[in-house]
Amino acid sequence: GAVVSQHPSRVICKSGTSVKIECRSLDFQATTMFWYRQFPKQSLMLMATSNEGSKATYEQGVEKDKFLINHASLTLSTLTVTSAHPEDSSFYICSAPSGGSGNTIYFGEGSWLTVV
Amino acid sequence: GNSVTQMEGPVTLSEEAFLTINCTYTATGYPSLFWYVQYPGEGLQLLLKATKADDKGSNKGFEATYRKETTSFHLEKGSVQVSDSAVYFCALSTGNNQGGKLIFGQGTELSVKP
Chain A
1 GAVVSQHPSR VICKSGTSVK IECRSLDFQA TTMFWYRQFP KQSLMLMATS NEGSKATYEQ
61 GVEKDKFLIN HASLTLSTLT VTSAHPEDSS FYICSAPSGG SGNTIYFGEG SWLTVV
Chain B
1 GNSVTQMEGP VTLSEEAFLT INCTYTATGY PSLFWYVQYP GEGLQLLLKA TKADDKGSNK
61 GFEATYRKET TSFHLEKGSV QVSDSAVYFC ALSTGNNQGG KLIFGQGTEL SVKP
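Heads up: the protein sequence lines correspond to chains A and B, in order.
Per the working numbering, residue 1 is the first one in the first sequence, and the count goes up by one each step.
Per the working numbering, residue 1 is the first one in the second sequence, and the count goes up by one each step.
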């Protein structure tokens, strides 16, 4: 079964509103999680690194005030898209390393956001 | 900077054909290399990985060899099936794996026809 779970899998919101996406590690604790965005038929681009108990680290060109990241516990990170616009419509996916000697990286199922 | 380049798709093959998807990388240090697969409407799944030069990763009939001299990690499968239709992403992480930060190639869509 899934070891990293995202919710919701699909969401439609009106332009100007905010939407929150959750990423949970189910079987392990994750002090770090990663958020990616994927536009149709394009690759995944890292948006930010979510750090438990501290501020997220954003990649160049990603607006931190628009994409709010909160890593409130060792098993949960949230991405909030604020004042969403149609150009924010995308597939958002998170990942978390499991740590340990193997350090497997698990991805969530992803969340499809459509802003209308 | 670090980057990954994949062959452009879409790639269309008949069932039981041989598959190669090229992947080359640019990186400082000694990256770990990965292939991920994304089936329609789903998230990413790790297909295989290699953590050092000359390592061969393999899974479900797919394999890829970490070639440091050519900075490549080409994905191969001897006989593809319709169920292999998906988008394949080559990726790398650098140094000590940076805790899971990945740099992806642009993805290659594979379509296998019966």
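No lab work stands behind these hints: they were computed from the structure.
Careful, some of the hints might be misleading.
[Stated by the list, open to error] Some chain B residues near chain A, calculated using beta-carbon distances under 10 Å:
no.: 1; residue: L48
no.: 2; residue: K49
no.: 3; residue: A53
[Claimed, not checked] Pairs of lysine to any residue residues, derived as SDA-like cross-links and limited to a Cα-Cα distance of at most 25 Å, are as follows:
no.: 4; chain 1: B; residue 1: K101; chain 2: A; residue 2: Q60
no.: 5; chain 1: B; residue 1: K101; chain 2: A; residue 2: R24
no.: 6; chain 1: A; residue 1: K41; chain 2: B; residue 2: G1
no.: 7; chain 1: B; residue 1: K77; chain 2: B; residue 2: E42
no.: 8; chain 1: B; residue 1: K101; chain 2: A; residue 2: S90
no.: 9; chain 1: B; residue 1: K113; chain 2: A; residue 2: P40
no.: 10; chain 1: B; residue 1: K56; chain 2: B; residue 2: G41
no.: 11; chain 1: A; residue 1: K20; chain 2: A; residue 2: Q42
no.: 12; chain 1: A; residue 1: K20; chain 2: A; residue 2: N51
Don't be surprised by glycine CBs; every beta carbon is placed ideally from N, CA and C.
Hints versus structure:
no.: 1; hint: L48; result: violated (12 Å)
no.: 2; hint: K49; result: holds (9 Å)
no.: 3; hint: A53; result: violated (19 Å)
no.: 4; hint: B/K101 - A/Q60; result: holds (15 Å)
no.: 5; hint: B/K101 - A/R24; result: holds (17 Å)
no.: 6; hint: A/K41 - B/G1; result: holds (24 Å)
no.: 7; hint: B/K77 - B/E42; result: holds (22 Å)
no.: 8; hint: B/K101 - A/S90; result: holds (20 Å)
no.: 9; hint: B/K113 - A/P40; result: holds (23 Å)
no.: 10; hint: B/K56 - B/G41; result: violated (29 Å)
no.: 11; hint: A/K20 - A/Q42; result: holds (23 Å)
no.: 12; hint: A/K20 - A/N51; result: holds (17 Å)
Hints 1, 3 and 10 from the list above are not met by this structure, while the remaining hints are.
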